[in-house]
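Novice: Residues per chain are reported as follows:
There are 2 protein chains.
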Amino acid sequence: MASLKSWFPIPRSSHFSLANLPFGIISTASGPTPRAAVAIGDHCLDLQEFSASGAFSSLGFDVACFSKPTLNDFAALGRPVHRAVRKHLQDVFAENTSIPDVLQHNPTLQEKSLIRRDQVTLHVPMQIGDYTDFYAGKNHAFNVGCLFRGPDNALQPNYTHLPVGYHGRASSVVVSGTPITRPNGQILENPAATPKVPIFSPCRRLDIELELGAFVSKGNALGTNIPISEAADHIFGFVLLNDWSARDIQAWEYVPLGPFLAKNFGSTISPWVVLTDALEPYRCTGIPNDTPLLPYLEEKEKKNVYDIRLQVDITPEGQPPTTILNSNGRHLLFSFPQMLAHHTVGGCPMAVGDLLGSGTISGLEPGTEGSLLEITQGGKQAVQLNGGVERKFLQDGDTVTFYGVCGTEESGLVGFGECSGKIQPAPKI
Amino acid sequence: MASLKSWFPIPRSSHFSLANLPFGIISTASGPTPRAAVAIGDHCLDLQEFSASGAFSSLGFDVACFSKPTLNDFAALGRPVHRAVRKHLQDVFAENTSIPDVLQHNPTLQEKSLIRRDQVTLHVPMQIGDYTDFYAGKNHAFNVGCLFRGPDNALQPNYTHLPVGYHGRASSVVVSGTPITRPNGQILENPAATPKVPIFSPCRRLDIELELGAFVSKGNALGTNIPISEAADHIFGFVLLNDWSARDIQAWEYVPLGPFLAKNFGSTISPWVVLTDALEPYRCTGIPNDTPLLPYLEEKEKKNVYDIRLQVDITPEGQPPTTILNSNGRHLLFSFPQMLAHHTVGGCPMAVGDLLGSGTISGLEPGTEGSLLEITQGGKQAVQLNGGVERKFLQDGDTVTFYGVCGTEESGLVGFGECSGKIQPAPKI
Chain A
1 MASLKSWFPI PRSSHFSLAN LPFGIISTAS GPTPRAAVAI GDHCLDLQEF SASGAFSSLG
61 FDVACFSKPT LNDFAALGRP VHRAVRKHLQ DVFAENTSIP DVLQHNPTLQ EKSLIRRDQV
121 TLHVPMQIGD YTDFYAGKNH AFNVGCLFRG PDNALQPNYT HLPVGYHGRA SSVVVSGTPI
181 TRPNGQILEN PAATPKVPIF SPCRRLDIEL ELGAFVSKGN ALGTNIPISE AADHIFGFVL
241 LNDWSARDIQ AWEYVPLGPF LAKNFGSTIS PWVVLTDALE PYRCTGIPND TPLLPYLEEK
301 EKKNVYDIRL QVDITPEGQP PTTILNSNGR HLLFSFPQML AHHTVGGCPM AVGDLLGSGT
361 ISGLEPGTEG SLLEITQGGK QAVQLNGGVE RKFLQDGDTV TFYGVCGTEE SGLVGFGECS
421 GKIQPAPKI
Chain B
1 MASLKSWFPI PRSSHFSLAN LPFGIISTAS GPTPRAAVAI GDHCLDLQEF SASGAFSSLG
61 FDVACFSKPT LNDFAALGRP VHRAVRKHLQ DVFAENTSIP DVLQHNPTLQ EKSLIRRDQV
121 TLHVPMQIGD YTDFYAGKNH AFNVGCLFRG PDNALQPNYT HLPVGYHGRA SSVVVSGTPI
181 TRPNGQILEN PAATPKVPIF SPCRRLDIEL ELGAFVSKGN ALGTNIPISE AADHIFGFVL
241 LNDWSARDIQ AWEYVPLGPF LAKNFGSTIS PWVVLTDALE PYRCTGIPND TPLLPYLEEK
301 EKKNVYDIRL QVDITPEGQP PTTILNSNGR HLLFSFPQML AHHTVGGCPM AVGDLLGSGT
361 ISGLEPGTEG SLLEITQGGK QAVQLNGGVE RKFLQDGDTV TFYGVCGTEE SGLVGFGECS
421 GKIQPAPKI
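Quick note, the sequences are listed as chains A and B, same order.
So in the UniProt record's numbering, spot 102 of the first sequence is number 102, and the numbers just go up one at a time.
So in the UniProt record's numbering, spot 211 of the second sequence is number 211, and the numbers just go up one at a time.
Hints may contain errors.
Identical chains share a label here; the pair holds if one copy fits it or two copies do between them.
To be verified - In silico lysine-lysine, DSSO-like type, Cα no more than 30 Å apart, as pairs: (1) K196 x K302; (2) K392 x K300; (3) K68 x K218; (4) K303 x K112; (5) K428 x K218; (6) K428 x K87; (7) K300 x K218; (8) K112 x K87; (9) K428 x K196; (10) K300 x K87; (11) K218 x K380; (12) K218 x K422; (13) K87 x K302; (14) K112 x K422; (15) K428 x K302; (16) K87 x K392; (17) K68 x K428.
No lab work stands behind these hints: they were computed from the structure.
Isolated chain A, as found in the complex (with noise of 0.2 Å):
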């Protein structure tokens, strides 16, 4: 891939390169109000400011969607849209410019519509209705279902055919950056005790879970279904997606509907949302399934998945980081677009803002599982940190750090940028 070249510095290890131009919202200390943005490189493009320009006045959609607090209305605009945006973006910032003028030749409008991303504030980018999570990653399902049912059991007979999702928690859903409360709850200090009696106690066994995020741009009325066919472009772009989980108070309350205050004290969000045509050169196959599938969630082409390099740090208080796990964004057994279309399939509406997430991301290897509940085998061998310690799940203090990334620097990457949340500890109660 030949790389796009910009009159506008931008470092060559840069998550933002010109390939990329990811939408998110910031704010500012002059100007508070939350506004769409674009990051590039080490800095991003007040949207606000550069649509007020008239630089995208040929382009012909209403940029009122630009001075929202969310990204919902420039999504709901649609795909045609949103390719339209960023391909004047690149034409804007390439380095041979067609249209020098816009930005390249205007140091008045630079000066108002760049800013240094360490300068802005970034927001939940957008307004999230319903938030689904899926449990497509066919490694993970299996390591853990290995751990809590014993490996004949580890996969429901369901798994293969359908991708098995429940719903989330959406007034927890965070941007990276924002503390995450270790959550007070019921757990078993013994669970092989009988009688079974809980204990009130913060988590003891806090656990990341590595994912990946999908935001939906087009919804679907209630009774009606999106089909496979098009569901690719019901989804606006992507995020890096942290569904910590309270592994001892899940083991508790899960049976039998499911995973609820293990869940939805917190799901940490990247701020940057990737566009699917950013992601489009790094579409691949997922993890091979060989049981034949339904019609309704058979793709025609099965590249749906995306080469992403996914890395989990974990930076204890006033220790380095360290990289616990490398995974790959391939390692899922259903595409996004299935999801949807088996979300919808019996007339569930979607609406614009909805986020899915993918399930936990593993490989097969050692090193590549997305949980500590995986890579300490359920908490009985601790992993060696940088620094002299060790954790088989976080302690207060911790930062957990997640970053995606597509591309070599010759192409420009693709990246996600960071995904971080830090342990606070429970409140007393």
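Given the coordinates of chain A, assemble chain B onto it according to the supplied hints.
Specialist: This is chain B only, laid out in the frame that chain A set:
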């Protein structure tokens, strides 16, 4: 209880006596913009019109909340304001009102603000951020647990220690009268066969669940909790809730993460929110719980469920209605304040407008079970309906209507009106 008599004609059999005054969102042919109203007898009082006359000026709150398309802003004003507004309206309508000039002697305002209820369109009364469905109907949990797992494992060990709940789908909560489309989905024709290979089919075991819903009027921040002692004041009011359920889809999909497509094709609520204060005289004790509770769930006074007479009718197309069950709101093991205290104990943030479902409310006697699954013992024993027809599960064209009411005609009924939906055929996919 002495009846509150009114100068305004209120039929004795009306659910909407002066002792009730529930809030909803209406629109009319001549006023198509949704706005707040209170139901009274066969009429409703348009609160936008009524408040514009200055009728609430003595109460000192911003009446702009009554011009909004949901009750969220009114709910957010808090229970003291809800109480004062209801009390003021009771004064306005009282037989010997001390303020006859406000409405009784004001035919112009009567003309503008009192609308026959059969002339209004009713809307979902709240903007629902998140919807959580609990499972606090112990008799139902036991009955269903027996069908799925046998009597020895019917209730999981956690069941009496905490209100089991799971996240539902907010986008498919609809108001009474909205048609419900039979969902398509994956079902096992013969669950006993191996290997288990699902077919794609319209749901064949379409069911109801008789529940109460509670709306949140006051939230909490991420990482904080709502103490049990304050939880009641975080509840705005109550509605009837039909948690339509596709039993065959559910049986196949629900392991290990809980119900998903089996529930998210539609959940119907009654349109009028009965305030917590209106139900106050009907507080009673629920199902006794012999399990000692952790302090965060321990209520000082154990009278926090309500003596609400519940009834469910089925009306097949072209047939008369048949009452298939009678139950009571008292058949709950946990109260809504306990649900709210549990929901937030790990730091999950609630927001104004969030909806909590009680779980299916079944009694112990035959004829009091809150779902067809229980009534028909898993589809084995048909229910005989008037007109010579029978049902194991719902057929296309069936209308299901829930009713709920407290008190007597003597004291003035406090009721919920109807919570109704008609089954439409599944679409061809």
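Novice: Give a verdict on every hint.
Specialist: Going down the list of hints, with the structure as the test:
1. Proximity of K196 and K302 under a CA criterion of 30 Å is satisfied inter-copy only: 24 Å between copies versus 47 Å inside one chain copy.
2. For the homomeric pair K392 and K300, neither the shortest alpha-carbon distance inside one copy (43 Å) nor that between copies (39 Å) is at most 30 Å.
3. Proximity of K68 and K218 under a CA criterion of 30 Å is satisfied in both settings, with 18 Å inside one chain copy and 26 Å between copies.
4. In this assembly of identical chains, K303 and K112 lie within 30 Å of each other by CA distance neither inside one copy nor across copies; the values are 41 Å within and 61 Å between.
5. In this homomeric assembly, K428 and K218 come within 30 Å of each other (Cα to Cα) only across copies, at 22 Å, whereas the closest approach inside a single copy is 43 Å.
6. Neither within a single protomer nor between protomers do K428 and K87 lie at most 30 Å apart by alpha-carbon distance, with minima of 52 Å and 39 Å respectively.
7. Proximity of K300 to K218 under the C-alpha cut-off of 30 Å is restricted to the intra-copy arrangement: shortest distance 21 Å within a copy versus 48 Å between copies.
8. In the homo-oligomer, the alpha carbons of K112 and K87 lie at most 30 Å apart inside one protomer (22 Å), although the nearest pairing across protomers, at 55 Å, exceeds that limit.
9. In this homomeric assembly, K428 and K196 come within 30 Å of each other (Cα to Cα) only inside a single copy, at 24 Å, whereas the closest approach across copies is 48 Å.
10. In this homomeric assembly, K300 and K87 come within 30 Å of each other (Cα to Cα) only inside a single copy, at 27 Å, whereas the closest approach across copies is 63 Å.
11. In this assembly of identical chains, the alpha carbons of K218 and K380 never lie at most 30 Å apart, being 45 Å within a copy and 42 Å across copies at closest.
12. With identical chains, the CA atoms of K218 and K422 are at most 30 Å apart between copies only, with a shortest distance of 27 Å across copies and 33 Å within one.
13. When the C-alpha separation of K87 and K302 is checked against a cutoff of 30 Å, the pair qualifies only within one copy, where the shortest distance is 26 Å, while the shortest distance between copies is 63 Å.
14. For the homomeric pair K112 and K422, neither the shortest alpha-carbon distance inside one copy (33 Å) nor that between copies (57 Å) is at most 30 Å.
15. In this assembly of identical chains, K428 and K302 lie within 30 Å of each other by CA distance solely across copies; the values are 25 Å between and 50 Å within a copy.
16. Taking the closest pair of Cα atoms, K87 and K392 never come within 30 Å of each other, the shortest separation being 46 Å inside a single copy and 57 Å across copies.
17. Taking identical chains as interchangeable, the C-alpha atoms of K68 and K428 are never at most 30 Å apart, the minima being 38 Å within one chain and 39 Å between chains.
The structure shown violates the earlier hints numbered 2, 4, 6, 11, 14, 16, 17.
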